[in-house]
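Peer 1: Residue numbers 1 to 168, in this note's numbering, belong to the letters of the sequence shown in order.
By construction, these hints were calculated from the structure, which means they are not laboratory data. Please note that a few of the clues may not be correct.
Claimed, not checked - No more than 30 angstroms apart at the CA atoms, straight line, and that leaves these computed lysine-lysine pairs for DSS-like: (1) Lys130 / Lys118; (2) Lys22 / Lys10; (3) Lys130 / Lys114; (4) Lys130 / Lys22.
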Amino acid sequence: MSENRYVEEKITCPICGSEAIKRIIYVRSFLGLLEVVSVRCNVCGYRHSSEALIEPVEYGPEEIVIEVDSENTLRTYLFKSRFAEVSFPELGVTIYPGPEASDEIYPVEGLLEKYIEKIEASCPESEEPKHCFEIVNILREVRDGRRRITVIIRDPSRFSRILSSHIL
(Lines of atoms letter the chains of each structure in order from A; the text may use other names.)
(Lines give C-alpha, C1' and ligand atoms only; values in the text may rest on other atoms or scores of the structure.)
Protein backbone atom coordinates (compact mmCIF):
# COMPACT_ATOMS: atom_id res chain seq x y z
CA MET A 1 0.00 0.00 0.00
CA SER A 2 1.30 3.45 -0.84
CA GLU A 3 2.31 5.78 1.94
CA ASN A 4 0.23 8.79 3.01
CA ARG A 5 -2.77 7.87 0.86
CA TYR A 6 -5.98 9.84 1.45
CA VAL A 7 -9.54 8.61 0.81
CA GLU A 8 -12.77 10.54 1.34
CA GLU A 9 -16.25 9.12 0.93
CA LYS A 10 -19.85 9.95 1.75
CA ILE A 11 -21.57 7.64 4.21
CA THR A 12 -24.81 7.57 6.21
CA CYS A 13 -24.49 9.09 9.69
CA PRO A 14 -24.99 6.31 12.27
CA ILE A 15 -26.85 8.76 14.56
CA CYS A 16 -29.24 10.81 12.41
CA GLY A 17 -29.15 9.04 9.03
CA SER A 18 -28.01 12.15 7.13
CA GLU A 19 -25.06 12.25 4.79
CA ALA A 20 -21.71 12.30 6.62
CA ILE A 21 -18.11 12.45 5.46
CA LYS A 22 -15.65 9.65 6.21
CA ARG A 23 -11.96 10.40 5.73
CA ILE A 24 -9.26 7.75 5.79
CA ILE A 25 -5.58 8.60 5.78
CA TYR A 26 -2.84 5.98 5.59
CA VAL A 27 0.39 7.13 7.24
CA ARG A 28 3.77 5.43 7.69
CA SER A 29 5.09 5.67 11.26
CA PHE A 30 7.86 4.03 13.26
CA LEU A 31 5.33 1.29 14.12
CA GLY A 32 4.31 0.64 10.53
CA LEU A 33 1.36 1.62 8.34
CA LEU A 34 -1.43 3.33 10.29
CA GLU A 35 -5.00 3.84 9.16
CA VAL A 36 -6.49 7.04 10.61
CA VAL A 37 -10.28 7.31 10.19
CA SER A 38 -12.51 10.27 10.95
CA VAL A 39 -16.26 10.61 10.46
CA ARG A 40 -18.15 13.87 10.71
CA CYS A 41 -21.82 14.73 10.28
CA ASN A 42 -22.58 18.43 9.74
CA VAL A 43 -26.27 17.89 10.52
CA CYS A 44 -26.19 16.41 14.04
CA GLY A 45 -22.55 17.08 14.91
CA TYR A 46 -21.57 13.41 15.26
CA ARG A 47 -17.81 12.85 15.21
CA HIS A 48 -15.76 9.71 15.47
CA SER A 49 -12.08 9.03 15.00
CA SER A 50 -9.89 5.98 15.28
CA GLU A 51 -6.37 4.88 14.50
CA ALA A 52 -5.27 1.34 13.77
CA LEU A 53 -1.98 -0.29 12.94
CA ILE A 54 -2.67 -2.32 9.81
CA GLU A 55 0.83 -3.32 8.71
CA PRO A 56 3.57 -3.38 11.35
CA VAL A 57 7.22 -2.70 10.57
CA GLU A 58 7.97 -5.85 12.55
CA TYR A 59 5.93 -8.36 14.48
CA GLY A 60 6.30 -8.84 18.21
CA PRO A 61 5.85 -12.02 20.24
CA GLU A 62 2.41 -13.53 20.83
CA GLU A 63 3.01 -13.17 24.57
CA ILE A 64 4.80 -10.41 26.45
CA VAL A 65 5.54 -11.04 30.13
CA ILE A 66 6.39 -7.99 32.23
CA GLU A 67 7.54 -8.27 35.83
CA VAL A 68 6.45 -4.93 37.28
CA ASP A 69 8.99 -4.51 40.06
CA SER A 70 10.60 -1.08 39.68
CA GLU A 71 10.01 2.52 38.69
CA ASN A 72 11.91 1.86 35.44
CA THR A 73 9.43 -0.88 34.58
CA LEU A 74 6.49 1.42 35.32
CA ARG A 75 7.98 3.96 32.88
CA THR A 76 8.56 1.42 30.10
CA TYR A 77 6.46 2.22 27.03
CA LEU A 78 4.31 -0.38 25.29
CA PHE A 79 2.30 -0.58 22.13
CA LYS A 80 -0.82 -2.66 22.92
CA SER A 81 -2.88 -3.65 19.91
CA ARG A 82 -6.66 -3.75 19.80
CA PHE A 83 -6.46 -7.57 19.61
CA ALA A 84 -4.51 -8.04 22.86
CA GLU A 85 -5.78 -9.40 26.16
CA VAL A 86 -4.12 -8.33 29.39
CA SER A 87 -3.72 -10.65 32.40
CA PHE A 88 -2.65 -10.14 35.99
CA PRO A 89 -2.07 -13.80 36.94
CA GLU A 90 -1.44 -13.19 40.65
CA LEU A 91 -4.90 -11.63 40.86
CA GLY A 92 -6.67 -14.13 38.60
CA VAL A 93 -7.76 -11.27 36.32
CA THR A 94 -7.81 -11.25 32.52
CA ILE A 95 -9.22 -8.37 30.47
CA TYR A 96 -10.32 -9.31 26.97
CA PRO A 97 -10.55 -6.82 24.09
CA GLY A 98 -14.04 -5.73 23.15
CA PRO A 99 -15.50 -4.43 19.90
CA GLU A 100 -14.43 -0.86 20.73
CA ALA A 101 -10.84 -1.82 21.61
CA SER A 102 -8.16 0.33 20.02
CA ASP A 103 -4.41 0.34 19.50
CA GLU A 104 -2.72 2.26 22.32
CA ILE A 105 0.72 3.47 23.35
CA TYR A 106 1.44 4.16 27.00
CA PRO A 107 3.84 3.36 29.81
CA VAL A 108 3.16 0.33 32.01
CA GLU A 109 1.95 2.81 34.64
CA GLY A 110 -0.65 4.10 32.15
CA LEU A 111 -1.77 0.56 31.34
CA LEU A 112 -2.30 -0.06 35.06
CA GLU A 113 -4.21 3.22 35.43
CA LYS A 114 -6.48 2.35 32.52
CA TYR A 115 -7.40 -1.01 34.04
CA ILE A 116 -7.75 0.42 37.55
CA GLU A 117 -10.44 2.74 36.15
CA LYS A 118 -12.15 0.01 34.10
CA ILE A 119 -12.19 -2.54 36.92
CA GLU A 120 -13.25 0.00 39.55
CA ALA A 121 -16.19 1.12 37.38
CA SER A 122 -17.41 -2.49 37.22
CA CYS A 123 -17.05 -3.24 40.96
CA PRO A 124 -20.50 -2.08 42.16
CA GLU A 125 -22.23 -4.50 39.74
CA SER A 126 -19.78 -7.39 40.19
CA GLU A 127 -20.70 -10.61 41.98
CA GLU A 128 -18.16 -9.85 44.71
CA PRO A 129 -17.81 -6.05 45.00
CA LYS A 130 -15.51 -6.24 48.04
CA HIS A 131 -13.07 -8.57 46.24
CA CYS A 132 -13.25 -6.37 43.14
CA PHE A 133 -12.26 -3.26 45.13
CA GLU A 134 -9.41 -5.27 46.73
CA ILE A 135 -8.06 -5.97 43.23
CA VAL A 136 -8.30 -2.25 42.41
CA ASN A 137 -6.35 -1.38 45.57
CA ILE A 138 -3.63 -3.93 44.75
CA LEU A 139 -3.28 -2.47 41.25
CA ARG A 140 -2.98 1.01 42.79
CA GLU A 141 -0.17 -0.26 45.04
CA VAL A 142 1.60 -1.67 41.97
CA ARG A 143 1.11 1.59 40.05
CA ASP A 144 2.54 3.51 43.02
CA GLY A 145 5.59 1.23 43.20
CA ARG A 146 4.67 -0.38 46.54
CA ARG A 147 3.94 -3.87 45.23
CA ARG A 148 5.13 -6.23 42.48
CA ILE A 149 3.00 -7.99 39.91
CA THR A 150 3.25 -9.81 36.60
CA VAL A 151 1.47 -8.40 33.55
CA ILE A 152 0.96 -10.68 30.56
CA ILE A 153 -0.10 -9.31 27.19
CA ARG A 154 -1.31 -12.00 24.77
CA ASP A 155 -1.76 -10.80 21.22
CA PRO A 156 -2.60 -13.23 18.41
CA SER A 157 -1.89 -10.48 15.83
CA ARG A 158 1.65 -10.04 17.24
CA PHE A 159 1.30 -6.25 16.79
CA SER A 160 1.88 -5.52 20.52
CA ARG A 161 5.40 -4.91 21.70
CA ILE A 162 7.67 -3.14 24.14
CA LEU A 163 8.81 0.21 22.76
CA SER A 164 11.50 1.10 25.30
CA SER A 165 14.27 -1.15 26.55
CA HIS A 166 14.08 -0.89 30.34
CA ILE A 167 12.88 -4.47 30.73
CA LEU A 168 14.38 -6.25 27.76
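Peer 1: Does each hint hold? Answer for all of them.
Peer 2: Here is how each hint holds up against the structure:
1. Our distance criterion of 30 angstroms between C-alpha atoms is met by Lys130 and Lys118, whose separation comes to about 16 angstroms.
2. Restraint check: the Cα-Cα separation between Lys22 and Lys10 comes to about 6 angstroms, which is no more than 30 angstroms; the hinted pair holds.
3. Note on Lys130 and Lys114: the hinted pairing holds, with a Cα-Cα distance of about 20 angstroms set against a maximum of 30 angstroms.
4. At roughly 45 angstroms between alpha-carbon atoms, Lys130 and Lys22 are farther apart than 30 angstroms, so this suggested pair is violated.
Of the numbered hints stated above, the single one contradicted by the structure is hint 4.
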